[in-house]
Each structure stands twice: as structure tokens, then as C-alpha cells.
Amino acid sequence: MKNDGLHRKDRRAFLVGMGATGVSAAFAGPVLAASGNEPAIKWDREHEIVIIGSGFAGLAAAIQAKKLGANDVVIYEKMPVLGGNSAINGGLFAAPGTPLQKKEGVTDSADIMAADQMKAGRGVADGPLLKHIASRANEALQLTIDAGAEYFPYLQQLGGHSVPRTYQTTVTSGGGITQPLIKECRRLGVKIVNRAKFERFIVDEKGAVVGAVINEGFYFGRGRKGKPVNVRSQRGVLIAAGGFASNVGLRSAQDPTLTAEVPSTNMPGATGEALLEMFKVGAVPVHMAFIQTGPWASPDEGGFGYVSNYSIFNFPHSISVDVQTGRRFMDEIADRKTRADAQLARRDDEGNPLPPVTITSYEHAKAHPSVKKVLEYGVGWKFDTLEALAEYHGIPFEELKKQVDEYNRYVEKGVDEQFGKPMEKAKGKYIEAPFVTVRNWPKVHYCHGGAQIDVQARVLDSYNWKPIPGLFAAGEVSGGTHGQSRLGSCSIPDCMVMGMTAAETMMSA
Amino acid sequence: MMMKTLGKLAFLSVTVAFVAGAGLADSTLEQFDKIKGRSYHASFYDGESCDVCHETNRATSLPADDACQSCHDLDDLVEATARPAGEEGQNPHDNLHYGRDVPCMECHGEHQTRQHMCADCHSFEYPNFKP
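Residue numbers (the working numbering), protein chains in the order written: chain A, 33 to 541; chain B, 228 to 358.
These are computed hints drawn from the structure, not numbers from a lab.
Remember, it's a predicted structure, so these values are computed and weren't measured experimentally.
Please note that the accuracy of each hint is not assured.
[What the hints assert, rightly or not] Reference excerpt, derived from the structure (chain B facing chain A, CB under 8 Å, subset only):
#1 Tyr325
#2 Glu333
#3 Cys334
#4 Gly336
#5 Asp347
[Said to hold, decoys possible] Below 27 Å or equal to it, Euclidean Cα-Cα: the simulated BS3-like pairs (lysine-lysine) are:
#6 Lys238(A) <-> Lys215(A)
#7 Lys257(A) <-> Lys261(B)
#8 Lys263(B) <-> Lys151(A)
[Unchecked claim] Now the in silico label distances, taken between C-beta atoms and shown as ranges:
#9 Gly446(A) <-> Glu352(B): 43 to 53 Å
#10 Val305(B) <-> Trp497(A): 13 to 23 Å
#11 His268(B) <-> Lys151(A): 41 to 51 Å
#12 Glu257(B) <-> Lys312(A): 19 to 29 Å
#13 Ser540(A) <-> Val279(B): 32 to 42 Å
#14 Asp303(B) <-> Gly253(A): 26 to 36 Å
#15 Glu352(B) <-> Arg379(A): 29 to 39 Å
#16 Gln296(B) <-> Asp416(A): 42 to 52 Å
By construction, the Cβ of each residue, glycine as well, lies at the ideal position given by its N, Cα and C atoms.
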């Protein structure tokens with residue numbers, strides 16, 4: 033990876049008073065004599081648009097800004113690798129009115145998608161933002177395809193969605209989107225700097241964000257803080273720094289059940305400092321305690337692993353059973369919160385977790401490449417008979433057999449009388465040998481909370497409810513969009529659309 | 228209580244992966260005069276050659292992300308670590324999450340053992356990896 037100026041021996045001194053050295057050669061614009069939180073600033077760098085974070089939102093913003101004529105866009109990424117959490121997510125992208133929906137004859141609209149999301153969000157999601165995102169999701173999807181992202185030629189119906197509307201990258205990861213977007217950014221001349229940590233905002237006397245202090249040469253987890261440089265932004269600073277699922281202190285302060293002992297799907301850098309800095313300059317905190325755990329995760333592997341995508345694909349035509357009773361305990365494609373809450377209730381008499389077992393016919397599981405991975409890497413198991421399955425997992429066989437027969441009758445009828453699961457995607461898909469199983473247990477996955485933004489991606493000020501000049505946010509770091517439970521595959525469209533929107537707002541000012 | 232058990236589960240799997248890796252480890256890490264280093268880099272440890280990787284011989288800063296590539300050709304590495312059909316994305320030098328952009332020192336340690344990044348979430352093995 034190119035360092036774009038890191039490790040330079042001739043790095044200039046910083047924070048030198050204006051009177052001492054005057055204006056640096058790289059500095060093109062007028063000088064601020066003083067600013068709100070600085071006595072005097074010597075700018076080390078200056079860029080038209082400054083983006084913090086290199087995930088979906090930051091990359092989409094950079095590309096859109098370039099398309100709208102920006103000359104000088106920089107992305108600062110604190111981690112050694114690019115893409116943030118987006119690079120390791122499931123690569124699932126929900127959008128209404130797409131070519132695949134036309135091909136599969138699915139009736140859908142931005143209103144229907146936003147209504148599904150509002151329902152899962154328990155009514156406290158942000159209607160205008162959801163509508164805005166859904167109405168431009170297909171455009172954002174096409175942007176990724178134009179950049180080279182490749183998707184499976186079929187749709188999936190994820191939990192809580194009333195219709196199939198979810199694309200998935202052929203590599204079953206967000207890396208299948210971030211990699212092409214990074215390439216596109218480089219082609220367009222976007223500067224991308226890794227190991228560069230956003231430290232704080234530089235604010236002028238009127239309260240406008242005019243720049244940021246960036247620690248260049250920051251080595252995550254190695255005790256090297258790097259050297260601070262003052263970066264001036266001409267059009268604004270976009271915070272696209274993701275959530276805080278990996279910050280145990282912050283997340284457990286919001287939700288005391290999410291202690292260090294609860295694993296997370298997130299990369300270790302998802303710690304939320306940029307969000308806290310937004311609060312310092314007045315941003316409105318929204319829904320900080322609504323932290324989502326993923327019901328498709330596995331206790332048998334780290335992070336998102338392989339089982340997550342396997343379960344997401346297979347839940348519609350699978351049953352999850354309690355190992356003690358052999359009975360189902362949830363609608364396998366309910367929204368994430370409903371399912372995670374149901375899973376967390378599976379315990380022995382002493383309260384120890386008993387991860388439920390998800391059972392799928394191999395015949396149906398093999399339609400997705402993930403089954404090969406879960407079997408190969410020992411996080412899923414294949415059985416020729418139900419007896420063998422029951423014995424391996426310690427499930428009472430008679431009860432399990434009864435449950436399977438019962439569920440298969442629901443498949444035949446097209447109606448799930450047990451939990452009201454939508455059975456469209458289970459049509460003709462009986463639970464039959466040979467079987468594949470995985471174990472599921474929730475992991476901390478997504479922070480619904482963050483800084484409040486409007487539909488132009490402007491960060492609002494809690495003191496006057498107006499946008500904070502020069503400050504924009506997009507993606508998981510923004511708060512309130514999804515209410516209490518974000519539907520799966522709705523983060524990528526959120527990040528992409530709000531990143532694009534932020535660029536448009538900055539470029540139109 | 229449930230958190231504890233779950234934590235143990237996660238911890239156990241990480242430990243197993245680490246121990247499995249450690250079995251292959253020690254062969255190339257040896258003690259030179261003042262510091263441990265890799266046996267195949269023995270010629271760097273004459274006390275004056277820290278700047279092969281570090282900016283200066285005082286070695287106060289970490290090497291640049293592309294320092295190893297002054298000797299090691301990335302194309303060759305990508306080819307050497309190619310994975311079988313269907314698992315192309317697991318090539319550590321050209322993988323589906325980060326492409327060819329992972330700084331070497333995120334997986335490789337010159338002076339100490341290191342666990343490769345993939346092990347954060349995955350259990351696949353790289354038999355020739357030198358931890």
C-alpha cells in the first residue's frame with residue numbers, strides 16, 4: 033500500500049503560530065486569523081473535501097464528489113487496511129425496483145421497503161431518511177456495478193423484508209464492493225491515506241467545522257499515535273467512520289448486557305471516537321442504546337465468519353430448534369431483534385447458553401457456496417439421517433421428528449401455523465435428508481445510534497437544531513435511521529446513498 | 228453466566244488456532260545479538276543494517292508498509308500463495324476483503340511471532356505461513 037506522504041522525513045513542524053512562519057506553500061486559500069477552538073492555526077494540508085473512513089459511505093462520497101467535479105478529495109483511514117467494517121460485511125444489498133426484481137416478477141417500491149424498515153424499527157426509525165435511501169438504493173447499486181462489483185443472478189429474501197429485494201456479491205462479502213470502489217477512487221484520483229486517525233475537529237469562531245486534526249502514522253494497536261497535522265477542508269468534513277460495536281466501554285455504557293464477554297462481528301477499529309468528537313461540537317445523540325446483535329452468527333467461529341452468510345441464505349427454508357426440546361422457537365426470518373431475543377432465551381436450567389441448531393436440507397443449502405465453507409472448516413455438519421443429527425447435537429429424536437413432520441406440512445400448505453413465517457421462499461423446500469446443521473448465537477453487529485443527520489447528510493446541532501456548517505455524516509456513524517432494529521442488507525444502501533448525498537450537498541454549496 | 232460460557236467458547240477456538248499455528252513457528256525465529264529475528268534474514272543482524280527495513284539504523288520507527296517489497300515481489304507472492312479453485316479469495320496476498328493492500332506486518336512479524344489477520348474470523352490454515 034502506498035503511504036501517500038506518511039513516513040516522510042521532511043514533515044513540517046505543526047501548530048506553529050501564524051506570525052512565526054507564515055503560510056505554508058501548499059496552502060491555497062485565505063488564512064483564518066483565529067478559529068473557535070484554536071488560538072491560531074497553521075494548516076499543514078488543505079483539501080476540497082475531507083472524508084474520515086474508507087468504508088461504503090466514504091468511498092461512495094468520494095466517487096460522487098469526483099463525478100460532480102471535485103478536484104481534490106482525500107480519505108483518511110485509521111486502520112492499516114482499507115474498507116473498514118464494510119470490507120468484512122456480508123455483501124448484501126437491498127434495493128427496490130431493480131433489474132433482478134423485474135426479472136423475478138417482484139412488485140416492490142421505495143414506500144414498501146421503507147414501511148418494512150419502519151416496522152422492524154418499532155416505529156421509531158426516521159421515515160424521511162428511510163424513504164430517501166430506498167428511493168435511491170437502485171442508483172447506488174448501479175454505481176457499485178459500474179465500478180465492477182459482481183452479484184449473484186438471484187435475489188434473497190432476508191428476515192423482516194416483505195419481498196425478495198436483496199442482491200449479494202459473488203464473493204459473499206462487502207469486500208466485493210469496497211475493492212471495486214477503492215479501485216474506482218484511485219482511478220478518479222482520490223487520495224487515500226491509511227494509518228491516519230481523525231483526532232478532532234477544527235472549528236472557527238462561528239462554530240463552523242473548517243478542518244480536522246489527523247494523526248498521520250497512527251499504528252492501530254501498537255502504541256504509535258502518529259503525528260498530528262492540521263487539515264483544512266474547503267467544502268466540509270464528512271464523518272463516515274462507522275459504528276462502535278468494538279468499543280466495549282461505550283457499548284456497555286449504553287447496554288450493560290453487551291460486556292466484553294459478548295463477541296462481535298466487527299473489526300477491532302469500530303470504536304466510535306469520531307462519533308464522540310461530533311458530540312463535542314454539538315451533534316445530537318440519537319438511539320445510542322439500540323445496538324443490534326446478529327441472529328445468524330455462530331459460536332463456533334470468530335467474527336462474521338462463514339456461518340453468518342450461510343444462515344442468512346438458508347433461514348427461509350430451514351428450521352431452528354431448541355436442543356433441549358427439539359422444537360422450533362421463532363420465525364426463522366423475523367427481524368433481527370426478534371430472532372436474537374428468542375435465541376438468547378435458549379438456556380439450560382442454570383442459565384448457560386444452549387445455542388440452537390439450524391437444520392437445512394443439503395439439497396437446498398448447496399444452492400449457495402457458503403455450505404461448502406461451513407462443512408470444510410468444521411463450523412457446520414452434514415448428516416444422512418435425522419437420528420444421527422439428533423444424536424450429535426443431543427436433541428431428543430422423537431420430538432425433533434415430530435417437529436420436522438409438522439413443519440413439512442406447513443411447507444405443503446404454504447402457511448406456518450407455529451410462528452407465521454412467510455413461506456414463499458420455502459415453497460416445495462421440505463426438510464429432508466441429507467441434512468446440514470449449524471449452531472447460532474447472536475454477536476454484537478450494528479450500532480443504530482449515532483449523530484442525527486438530515487436528508488442532505490448534514491449533522492444537526494443540538495443547541496439550535498440547524499445543520500453544523502461544514503460537518504456531514506453518513507453510514508453507521510449517523511443515528512436514528514433504522515430505529516430499534518435495522519433490517520439485514522439495509523446498511524449498504526444507507527451507507528452508499530448517504531455518502532453520495534453528502535457529496536452532493538457539499539458540491540452544491 | 229451465559230456470557231462467560233460463550234466467552235470461553237470464543238476464547239477456546241482462538242487458542243486452538245494459535246497453538247496449531249505455533250507448532251510451525253519457532254523454526255525461523257532465532258536470537259541474534261540484541262534482538263530476535265528471522266534466520267533467513269541473518270545477514271541484517273550485523274548491528275548496522277536495521278535500515279534495510281527501518282528508516283534509520285536506530286530503528287525507532289516502524290518500517291513503511293511497502294518496505295518488504297524492496298526485496299519481495301508482490302506478484303511472486305500472490306502466485307506462491309494462490310489457493311485452489313473456489314477458494315481464490317483466501318489468497319492472503321490477494322484476498323477478497325482487502326485485495327493486495329494488506330501491509331505485510333499486519334500478518335508477519337520479523338522480531339516476534341504474529342497471528343495472521345484471517346484468523347480473527349476464519350479457521351483456514353496456511354501450512355507455509357511462518358508465524
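Of the numbered hints stated previously, which ones are contradicted by the structure, given in increasing order? 3, 4, 6, 8, 10, 11, 12, 13
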